[in-house]
Amino acid sequence: MPEKRPLPSAPDNAPLPWSAYAALILTILFFSGAFAHAPGGLPCLDFSHLCGSFGKIAEEFTFLGKGGSGARYGFLFALSLVPGIMLALGVVEAAERMGALRAGEKLLTPLMRPLLGLPGSAALALISSLQSSDAGAAMTRELSEQGLLSEKEKTLFAAFQFCSASSVTVYLSMGVALFPFLSVPQLLPLGVILFYKVAGINIMRLYLRLAEKKEAGHGA
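When we follow the working numbering, the leftmost residue of the sequence shown carries the number 1, and every step to the right adds one.
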């Protein structure tokens, strides 16, 4: 496979066109699920809606069937992940060419760096990981290959994504059965989940900082 060449970019202090910020906002909304239950044709701007679903066989099973095991079932399951990953990477590639990653880095780094220890260029991957763990992982790899994430930042990002992966999708699809029994606002439990994801990445930041100090002490 030919090596991917980095896209040409303007100097960091060069002004970005308005289209870069528009692309950033639209891409964040696309992966956030904000349009999932919107009226009219707006759901067509939602990642999960565009991913769609496989048809049913005998009105009960997907093409994966029932009772599969081993390498063959694993192959089919991996195959079922391909459409979502392809769509996510395609959207991010288009957004990147419009300058969305640079806009995110410029706008969101002052917020994400102190809160999560991540650069603003990781914002799209972070938002997409709340809907699809596979898309988030693939986009994180893309950022790493482009040199936009250091090894330490990859470790932090993995801690954030590994804890309650696909939080929004799982909560709104499986947790909906419990909504009638909740005595608190429906989105409050989701807020608790996201809070602990942020807490988890900061615990990892603390661990890495202590590990670096320990290594520095041994080297002295």
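Possibly wrong hints are sitting among the right ones.
Unchecked claim - The list that follows gives simulated cross-link-like pairs (lysine to any residue, SDA-like), each with its CA atoms no further than 25 Å apart:
1. K152 - R72
2. K106 - V82
3. K154 - H49
4. K154 - S69
5. K152 - L178
6. K106 - G40
7. K152 - Q186
8. K106 - S144
9. K152 - P180
10. K213 - V198
11. K152 - R141
12. K154 - L50
13. K154 - L107
14. K213 - R113
15. K152 - I193
16. K154 - M174
17. K154 - G200
18. K213 - A199
19. K152 - V184
20. K154 - Y73
21. K154 - A137
22. K154 - S164
23. K154 - S183
24. K152 - E105
25. K152 - A78
26. K154 - S173
27. K154 - Y207
28. K214 - M204
29. K214 - G117
30. K152 - P114
Unchecked claim - Simulated restraints, written as ranges between beta carbons of each label pair:
31. S69 - A22: 21 to 27 Å
32. L111 - H218: 33 to 39 Å
33. Q186 - H218: 30 to 36 Å
Everything labelled a hint here was simulated from the structure, so no lab data went into it.
A virtual CB, placed ideally from N, CA and C, is assigned to each residue, including glycine.
Hints, one by one, checked against the model:
{"no.": "1", "hint": "K152 - R72", "verdict": "violated, 36 Å"}
{"no.": "2", "hint": "K106 - V82", "verdict": "violated, 31 Å"}
{"no.": "3", "hint": "K154 - H49", "verdict": "violated, 29 Å"}
{"no.": "4", "hint": "K154 - S69", "verdict": "violated, 32 Å"}
{"no.": "5", "hint": "K152 - L178", "verdict": "violated, 38 Å"}
{"no.": "6", "hint": "K106 - G40", "verdict": "violated, 34 Å"}
{"no.": "7", "hint": "K152 - Q186", "verdict": "violated, 35 Å"}
{"no.": "8", "hint": "K106 - S144", "verdict": "holds, 18 Å"}
{"no.": "9", "hint": "K152 - P180", "verdict": "violated, 42 Å"}
{"no.": "10", "hint": "K213 - V198", "verdict": "holds, 23 Å"}
{"no.": "11", "hint": "K152 - R141", "verdict": "holds, 14 Å"}
{"no.": "12", "hint": "K154 - L50", "verdict": "violated, 28 Å"}
{"no.": "13", "hint": "K154 - L107", "verdict": "holds, 20 Å"}
{"no.": "14", "hint": "K213 - R113", "verdict": "holds, 20 Å"}
{"no.": "15", "hint": "K152 - I193", "verdict": "holds, 24 Å"}
{"no.": "16", "hint": "K154 - M174", "verdict": "violated, 29 Å"}
{"no.": "17", "hint": "K154 - G200", "verdict": "holds, 14 Å"}
{"no.": "18", "hint": "K213 - A199", "verdict": "holds, 21 Å"}
{"no.": "19", "hint": "K152 - V184", "verdict": "violated, 38 Å"}
{"no.": "20", "hint": "K154 - Y73", "verdict": "violated, 30 Å"}
{"no.": "21", "hint": "K154 - A137", "verdict": "holds, 10 Å"}
{"no.": "22", "hint": "K154 - S164", "verdict": "holds, 17 Å"}
{"no.": "23", "hint": "K154 - S183", "verdict": "violated, 38 Å"}
{"no.": "24", "hint": "K152 - E105", "verdict": "holds, 18 Å"}
{"no.": "25", "hint": "K152 - A78", "verdict": "violated, 28 Å"}
{"no.": "26", "hint": "K154 - S173", "verdict": "violated, 28 Å"}
{"no.": "27", "hint": "K154 - Y207", "verdict": "holds, 14 Å"}
{"no.": "28", "hint": "K214 - M204", "verdict": "holds, 15 Å"}
{"no.": "29", "hint": "K214 - G117", "verdict": "holds, 20 Å"}
{"no.": "30", "hint": "K152 - P114", "verdict": "holds, 15 Å"}
{"no.": "31", "hint": "S69 - A22: 21 to 27 Å", "verdict": "violated, 48 Å"}
{"no.": "32", "hint": "L111 - H218: 33 to 39 Å", "verdict": "holds, 35 Å"}
{"no.": "33", "hint": "Q186 - H218: 30 to 36 Å", "verdict": "violated, 50 Å"}
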